[in-house]
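Chains as they are written, first to last, in this note's numbering: chain A, 1 to 416; chain B, 1 to 416.
To be clear, the hints were calculated from the coordinates, so they are not data collected in a lab.
Worth double-checking, as some hints may not be accurate.
Since the list gives no way to pick one copy over another, a pair counts as held whenever it fits inside one copy or between any two copies.
With a cut-off of at most 27 Å between alpha-carbon atoms, the simulated BS3-like pairs for lysine-lysine come out as follows [stated by the list, open to error]:
no.: 1; residue 1: K299; residue 2: K90
no.: 2; residue 1: K90; residue 2: K17
no.: 3; residue 1: K7; residue 2: K68
no.: 4; residue 1: K59; residue 2: K5
no.: 5; residue 1: K238; residue 2: K196
no.: 6; residue 1: K299; residue 2: K5
no.: 7; residue 1: K53; residue 2: K4
no.: 8; residue 1: K214; residue 2: K179
no.: 9; residue 1: K5; residue 2: K60
no.: 10; residue 1: K357; residue 2: K96
no.: 11; residue 1: K154; residue 2: K320
no.: 12; residue 1: K160; residue 2: K225
no.: 13; residue 1: K396; residue 2: K212
no.: 14; residue 1: K350; residue 2: K238
no.: 15; residue 1: K22; residue 2: K358
Protein chains: 2
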Amino acid sequence: MAFKKIKGATDYYPDDKYAQEKVFSVFSETAEGYGFSKVEAPAIETIELLTAKSGEEIKKQIFTIEKKGSEDLGLRFEFTASVARMFIEKQKAIQKPVKWFSIDRVWRYERPQAGRDREFYQYNAEIYGSANPEADAEVINLAIDSLLTLGLSKDDFYVKINNRKLLFGLLSDVVPEEKITNVIRVIDKRSKISEKDFETELDFLGKAAIEKIKKILTISWDKLKDLKMNDNAEEGYKELSEVIKYLDSDIIRFDITVARGLDYYTGTVFEIFDKSGKYRALAGGGRYDTMIELFGGQKTPATGFAMGYSTLSMLLSEKKLLANKVPGPDYYIATITEGTDEKVIENAVKIAGKLRKKASVVTDLMRRQLGKQLSYADSINAKNVIFVGPEEIKKKKVKIKNMESGKETEIEISKI
Amino acid sequence: MAFKKIKGATDYYPDDKYAQEKVFSVFSETAEGYGFSKVEAPAIETIELLTAKSGEEIKKQIFTIEKKGSEDLGLRFEFTASVARMFIEKQKAIQKPVKWFSIDRVWRYERPQAGRDREFYQYNAEIYGSANPEADAEVINLAIDSLLTLGLSKDDFYVKINNRKLLFGLLSDVVPEEKITNVIRVIDKRSKISEKDFETELDFLGKAAIEKIKKILTISWDKLKDLKMNDNAEEGYKELSEVIKYLDSDIIRFDITVARGLDYYTGTVFEIFDKSGKYRALAGGGRYDTMIELFGGQKTPATGFAMGYSTLSMLLSEKKLLANKVPGPDYYIATITEGTDEKVIENAVKIAGKLRKKASVVTDLMRRQLGKQLSYADSINAKNVIFVGPEEIKKKKVKIKNMESGKETEIEISKI
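Throw the hints in and build the complete structure from the sequences for me.
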């Protein structure tokens, strides 16, 4: 009987965990460089909170907990709701803007596939309190900077940017208000379905409207300037123009089809993709100015993004930007004994204790012969091997071998 | 309608998260100094795994997941089972000893109280493959070193140490084999119940046996030497003597009552307590040589410990060893404008971008008046404030004010 890990989850062995933590350090350092502070909500939240912005529909995707006490509980499937709850609790006490980020697990009951686990990590950042375009630009620039700091370049990824008011405004000229949500739902999956299926799904609008929608969906940034727009579209266009001023035009592409599904976004929205088109979105986010109020807080503008680790790590690995080996210890202390010589072991442990004040040190623990110890030292990539035996203890000197250069030096034990 | 966090969980706001991460860094660095590598199992495991070593009884404490697919799932309540599963999967491929640690969440459905949340963090370390006393000593020394590196001293905590074979051996002279587990269960809670309740619970053994047990439970290390012991007790005594040789006698206290409950331990066991006696155990662990085989792997000796963050953070806080404030950004860029001057904002954003290559920088985002900006800069503990206005842009120079010393300097924008 051997146990299995659950479907759609990852065991992080040392090399993978090391690679992941390197990426997370870059996230943290970049976010802190922008003045964001790390926060962390519990993994378990009430179902009431989890379904508040997406409705009961989302429950299918939530890992719900069997009820024991009075609470209906589930594992979070994203951070925004939890962090909003935390923000609302302190919102009167802290000066705005509040800039928070998290790097943590989320859970979604979905069909597992490449780049999509049921348990996975997200890097999430939000700004509460600023309605200005420089706040939207800041979260987008933070996402971009995080990727650049990981070693990716402008040749590897780009940011699709849009504005919900602009998209809604343009559509509202063609589609009755109450049907826009349905149309957005279809636009959102357009890249995944055929032209014909796209048209079939919009059938309820009639041929003429479908043609107009298709035209809207191919509109370029330059053409927008000359377009006569309604107020809503005009406002979205103006907002987006102001955000774009603060962004690197080499990385940004206007794309009217970016809708961010049925989510809670109200203004500028964006998604980040790898240029090869091989992977799912690396990140997505945007402005959501109504959610804090909807959640029972004081009306507060907000903007943020989430970036998944699964897809990103595949891209980093392909580009050879993911660490692939945990570094070995600075020293392995090999014990030279005939049979078990406890005095030698005690000396090795003592030397290890002294060295650990400034270095990482591994001792034998197995009472093996020297050959096997060296094979072990090699398997863990030890940088140096120190040899301790009865002779060495008598002479009060040990030999240190640098495993890369092969160079050997001798040092007095008392000077270690 | 405002949402609440669940019972028995913690929201980590920036200051608390910062303090926690500082502690976790010390854990990681200390463990890496001993050559341990970080690993991470999923939070969700199969019920089969979770109940394998503790039986169905433990299910009361598990947050179980409502079944959706074919798997019965729950949240882990400790790490050992998950890490054992990971070890077994690779056991043939890696050289022993395997030294792994984790710092991560666990969940227990218990009554929340001070120092005991339902969702909490543990630091866990295990060595697989060595049956030698220096391995036991290494995990104990790692736990001790982790606490010392956090700034605690020998005056703050101590390690209670015992050996299960010794305790079982001594008890087996007095108690029938099949009743020892029951007796251990009572010994385990002895410090929490009255003398009278202790005797009542052991009533089934008869008065004479109870008196003998009470005598065993007061035995000192020195007295053991002269005691005539059965083979099992003798073996435990010898094991413990060998482990103790590698430990600091100032920190270690032999305590025959340390049983580690109904757990899977087979040899040396230990628990770490604060000296004031105010808190629950800081850590606990020991040797478990049968579990890997029980879990379907090849028989492998193992030893390890777990240390909780909740209790430890209370002790660290009391001793003023817990960070209490997230550090502020290096620079706050204040924009001096009459009304909104987008050129000034653009310049501020540009300067921030340049500075972020080497420092953390916050810009206004709110288009506030200078006074309010300075109040905000103060609230986030900004170390320096840079002033950017139309005059500064014209002169191509900005003023930098050190917020601690009040000293002001001027610098050319091009030199930032």
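Going down the list of hints, with the structure as the test:
Taking CA atoms no more than 27 Å apart as the test, K299 paired with K90 passes inside one copy only; the shortest distance there is 14 Å, against 53 Å between copies. Taking the shortest alpha-carbon separations for K90 and K17, only the inter-copy value of 15 Å comes in at or below 27 Å, while the best intra-copy value is 34 Å. For a Cα distance limit of 27 Å, the shortest separation of K7 from K68 qualifies both inside one copy, at 25 Å, and across copies, at 12 Å. Taking the closest pair of Cα atoms, K59 and K5 come within 27 Å of each other both inside a single copy (24 Å) and across two copies (18 Å).
Taking the shortest Cα distances, K238 and K196 never come within 27 Å of each other, neither inside one copy (34 Å) nor across copies (79 Å). In this assembly of identical chains, the alpha carbons of K299 and K5 lie at most 27 Å apart only when taken from different copies (20 Å versus 44 Å within one copy). Only between protomers do K53 and K4 lie at most 27 Å apart by alpha-carbon distance; the minimum there is 15 Å, versus 35 Å within a single protomer. For the identical chains of this complex, K214 and K179 are intra-copy neighbours only, at 16 Å inside a copy versus 79 Å across copies, given an alpha-carbon limit of 27 Å.
Both within a single protomer and between protomers do K5 and K60 lie at most 27 Å apart by alpha-carbon distance, with minima of 22 Å and 22 Å respectively. Proximity of K357 and K96 under a CA criterion of 27 Å is satisfied inter-copy only: 25 Å between copies versus 43 Å inside one chain copy. In this homomeric assembly, K154 and K320 come within 27 Å of each other (Cα to Cα) only inside a single copy, at 16 Å, whereas the closest approach across copies is 47 Å. With identical chains, the CA atoms of K160 and K225 are at most 27 Å apart within one copy only, with a shortest distance of 19 Å there and 76 Å across copies.
Taking the shortest Cα distances, K396 and K212 never come within 27 Å of each other, neither inside one copy (88 Å) nor across copies (51 Å). In this homomeric assembly, K350 and K238 come within 27 Å of each other (Cα to Cα) only across copies, at 21 Å, whereas the closest approach inside a single copy is 69 Å. Taking the shortest alpha-carbon separations for K22 and K358, both the intra-copy value of 22 Å and the inter-copy value of 18 Å come in at or below 27 Å.
Of the numbered hints given earlier, the model fails hints 5 and 13; all others are met.
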